[in-house]
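**Q** Protein chains in written order, with our numbering: chain A, 1 to 198; chain B, 1 to 148.
Incorrect hints may have been included.
Negatives, chain B to chain A, calculated, CB over 12 Å [to be verified]:
hint, residue
1, 7
2, 13
3, 26
4, 33
5, 35
6, 37
7, 49
A partial selection of chain B residues facing chain A, derived with a Cβ cut-off under 7 Å [to be verified]:
hint, residue
8, 2
9, 3
10, 43
11, 52
12, 59
13, 61
14, 65
15, 74
16, 76
Within a straight-line C-alpha distance of at most 35 Å, the following computed DSBU-like cross-link-like pairs (lysine-lysine) qualify [claimed, not checked]:
hint, chain 1, residue 1, chain 2, residue 2
17, A, 86, B, 75
18, A, 105, A, 86
19, B, 77, A, 86
20, A, 105, B, 77
21, A, 86, A, 76
22, B, 75, A, 76
23, A, 76, B, 77
Hint data in this document are derived by calculation from the structure and do not stem from the laboratory.
Fair warning: this is a prediction, and the values are worked out from it, not measured in the lab.
For every residue, glycine included, the Cβ atom is placed at its ideal position computed from N, Cα and C.
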Amino acid sequence: MAIVVRVSGPESDKPCRVAFSSDLDQITRAAAGDAAAVRALVNRYSPGVLSLATCMLSDRGEAEDVTQETFIRAWKALPGWEPRAKFSTWLHRVALNLCYDGLRKRRESLPGELPDLADTRLSPQEALDQSQRVLAIEQAISALPERQSAALTLCALQGHSQAEAAEIMDVSVEALESLLARARRTLRAHLLERSPSP
Amino acid sequence: MTEDRLIELIESWGADPSAFPQAERGAARALLAAHPERFATAIAEARALDAALARMPDVFPPPALTAALIASAPKPKRAGGALRVPKFAPWAPASGAAALAAGLFMGLMAAPSASASASADSETDDVQALLEEAIGYDPAAMSEGIAE
């Protein structure tokens, strides 16, 4: 359950959602080097961060690098952690920004290439294969414009609440809804295109 | 809740009204229940996409990654603070003196063995002279013969 408190400072008139009490406890202990707390934070949050990075980058190696970098930044931030946002939200935002950086570097290294959907059309036999289907969806998501891809991953795949996903992406809920609508429309068209004709 | 707005909600959040923004959920449910046929196509399309997304497997970090993440975490501090070496070590002059004393001690210990080695050399010379005399070898006469 999230706790709502008033914080001191210029925004003291606004109630802020703070980290779960168990998060706060674990963060404090992890900052002091408590191995059990560190393990708990890693076990709780690394799957979500890795999943987000995998969907955004469609490259497992790069996704693991992003996950590592995200946690390195988290460990550095722990001692001075101010619970103005949920730790989960903050962590996913860091991961998302690292994904954006990675995608930007990719674009810079491949100048002139237009962002387009990956050609994931498969033979009828391959289309029956579940893993190929999953791969096709994963590639189609990562081929979406990055903000659409992030919105879809956070909401439809990871089940973040609307408010939380909007906070991670630093957009309004209305903007998030618009990104989601465009993402779903493009993805549906792509999946229809590659599905075998009746 | 208008029909257009309900279509937007379905296209954005999927077929399940429980995923719609909370403020609009009730009205959306009511409109859907009142005119299901008007939204059947949108619901069917959204449901197909929801199902495709639901088939995406969960991602689990491999053990090596988990281990690396844990290894990169802060390490516990020693009780009473970390062990630090002060910039000026007050024991530095004492350790220098100790090293000097150790050097002198080692030198003194090595000296008797050096003299023992010298006396061993003189004994070797005596043995060689006795052997030369026994076989009638005279190195001085040999050098004169070579000179002539």
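**Q** Take the hints in turn and mark each one as holding or not.
**A** Consistency of the hints with the structure:
Non-interface status of residue 7 of chain B relative to chain A is broken: a Cβ of that chain comes within 12 Å, the nearest being about 10 Å off. With a cut of 12 Å on Cβ distances, residue 13 of chain B falls inside the contact zone with chain A, its closest approach being about 7 Å. Non-interface status of residue 26 of chain B relative to chain A is upheld: no Cβ of that chain comes within 12 Å, the nearest being about 16 Å off. The beta carbon of residue 33 of chain B sits about 22 Å from the closest Cβ of chain A, which is more than 12 Å, so the claim that it is off the interface holds.
A cut-off of 12 Å between C-beta atoms confirms that residue 35 of chain B is not in contact with chain A; the least separation is 21 Å. The claim that residue 37 of chain B is not at the interface with chain A holds, since no C-beta of that chain comes within 12 Å of its own (minimum 21 Å). With a cut of 12 Å on Cβ distances, residue 49 of chain B falls inside the contact zone with chain A, its closest approach being about 5 Å. Given hint, residue 2 of chain B at the interface with chain A, is violated; its Cβ is 15 Å from that chain's nearest Cβ, farther than 7 Å.
Interface hint status for residue 3 of chain B: violated, as the beta-carbon distance to the closest one in chain A is roughly 16 Å, over 7 Å. Look at residue 43 of chain B: its Cβ only gets to about 13 Å from chain A, farther than 7 Å, so that hint breaks. Given the 7 Å rule on beta carbons, the hint for residue 52 of chain B holds: about 6 Å separates it from the nearest Cβ of chain A. Hint on residue 59 of chain B holds. Least Cβ distance to chain A is approximately 4 Å, under the 7 Å limit.
At a threshold of 7 Å, the smallest CB-CB gap from residue 61 of chain B to chain A is about 5 Å, leaving the interface hint in force. Annotation: residue 65 of chain B was flagged as interfacial toward chain A, and the flag holds, the nearest CB pair being 5 Å apart, inside 7 Å. Checking residue 74 of chain B against chain A: minimum C-beta separation of about 5 Å stays under 7 Å; hint holds. For residue 76 of chain B, the interface hint holds, since its Cβ comes within 7 Å of a Cβ in chain A; the closest pair sits about 3 Å apart.
For the given pair, residue 86 of chain A sits about 24 Å from residue 75 of chain B by alpha-carbon distance, which is consistent with the 35 Å threshold. Annotation: proposed proximity of residue 105 of chain A to residue 86 of chain A holds, straight-line Cα distance about 29 Å (limit 35 Å). Under the criterion of a C-alpha separation no larger than 35 Å, the hint pairing residue 77 of chain B with residue 86 of chain A is consistent with the structure, at around 26 Å. Among the hinted pairs, residue 105 of chain A with residue 77 of chain B is inconsistent with the structure: their alpha-carbon atoms are about 38 Å apart, more than 35 Å.
Restraint check for residue 86 of chain A and residue 76 of chain A: satisfied, since their Cα atoms lie roughly 17 Å apart, inside the 35 Å limit. Taken as a hint, the residue 75 of chain B and residue 76 of chain A pair is honoured in the structure, with Cα atoms around 12 Å apart against an allowance of 35 Å. Under the criterion of a C-alpha separation no larger than 35 Å, the hint pairing residue 76 of chain A with residue 77 of chain B is consistent with the structure, at around 15 Å.
Checked against the numbered hints listed earlier, the structure breaks hints 1, 2, 7, 8, 9, 10, 20; every other hint is satisfied.
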